[in-house]
Amino acid sequence: MALAAMQDASRYIRTLKETIMAGVGSEKVFENDKVIVWNFVLAPGEETPVHTHTLSYMWYAIEGAPLHIFDENGGDLGIFEVPTGAIYSLKCENGYLEVLSEIGKGAKVPATHKARNEGSNPYREVLVEYK
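Oh and the sequence shown: position 16 is 16 in UniProt numbering, straight run, nothing missing.
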């Protein structure tokens, strides 16, 4: 009986996390008619659920880490090295994200993907979506 309760609790927590992460960050901190601002934290070894970006955006890496990116089917898209203090700008168009900033300029990834922190420290960013 205790095992079943633990499994139910684990499923609930996983579902709750997936619901919260259904957006593009860990916590929405601000929204108006022009932008949505997200706080995003990913622990070492932690993986986001598959999510889809529908808006162009920029982000600032408060604490960088190597992020392993996968497409919606789990296909390996490589490791994206995100240095602390980096600022990225991405255009969302036709199901893809294109990096516009100097670091990684021209790189494209599917707008629907997931990421895993391959670093030894938590990855932290502030992400701003443009409406």
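In case anyone wonders, no lab produced these hints; they're calculated from the structure.
A portion of the hints provided could be inaccurate.
Claimed, not checked - Calculated cross-link-like contacts (lysine to any residue; reagent style SDA-like; alpha-carbon spacing at most 20 Å):
id : residue 1 : residue 2
1  : K91       : G23
2  : K131      : I36
3  : K131      : E98
4  : K114      : P83
5  : K108      : N121
6  : K28       : Y60
7  : K131      : S89
8  : K108      : Y60
9  : K114      : T54
10 : K28       : K131
11 : K105      : Y130
12 : K108      : G74
13 : K28       : H51
14 : K114      : E72
15 : K91       : G104
16 : K91       : H113
17 : K91       : I69
18 : K131      : F40
19 : K34       : V24
20 : K105      : F80
21 : K114      : A43
22 : K131      : E63
23 : K131      : G23
24 : K34       : G74
25 : K131      : V24
26 : K131      : G104
27 : K131      : N32
28 : K114      : V99
29 : K114      : E98
30 : K114      : F40
31 : K114      : N32
32 : K131      : V35
33 : K114      : E46
34 : K28       : E47
35 : K91       : E81
36 : K108      : H51
37 : K91       : W38
38 : K91       : S56
Agreement of K114 and A43 with the hint, judged by alpha carbon distance not exceeding 20 Å
Status holds; Cα separation ~14 Å.
Given pair status - H113, K91, alpha carbons within 20 Å:
15 Å, holds
With the threshold set at 20 Å, check whether the alpha-carbon distance from K91 to I69 stays at or below it.
17 Å, holds
Mind checking the alpha carbons of K34 and V24 for me, to see if they're no more than 20 Å apart?
OK: K34 and V24 at ~16 Å, within 20 Å.
Against the 20 Å threshold, does the CA-CA distance of K91 and E81 hold or violate the hint?
19 Å, holds
For a C-alpha distance cap of 20 Å, please report whether K131 and N32 respect it.
With a Cα-Cα distance of about 9 Å, the restraint between K131 and N32 holds, given a limit of 20 Å.
Does the alpha-carbon distance linking K131 and G23 stay inside the 20 Å limit?
Answer holds: K131 to G23 is near 14 Å, not above 20 Å.
Take the C-alpha atoms of K114 and T54, compute the straight-line distance between them, and say whether it is at most 20 Å.
With a Cα-Cα distance of about 14 Å, the restraint between K114 and T54 holds, given a limit of 20 Å.
Please verify whether K131 and G104 have alpha carbons no more than 20 Å apart.
23 Å, violated
20 Å limit on alpha-carbon distance, applied to hinted pair K114 and F40:
This hinted pair holds, its Cα atoms lying about 13 Å apart.
Between K114 and E98, is the straight-line Cα distance small enough, at 20 Å or below?
16 Å, holds
Would the pair K131 and E98 pass a check requiring their Cα atoms to be no farther apart than 20 Å?
17 Å, holds
Of the numbered hints given earlier, the model fails hints 5, 22, 24, 26, 31; all others are met.
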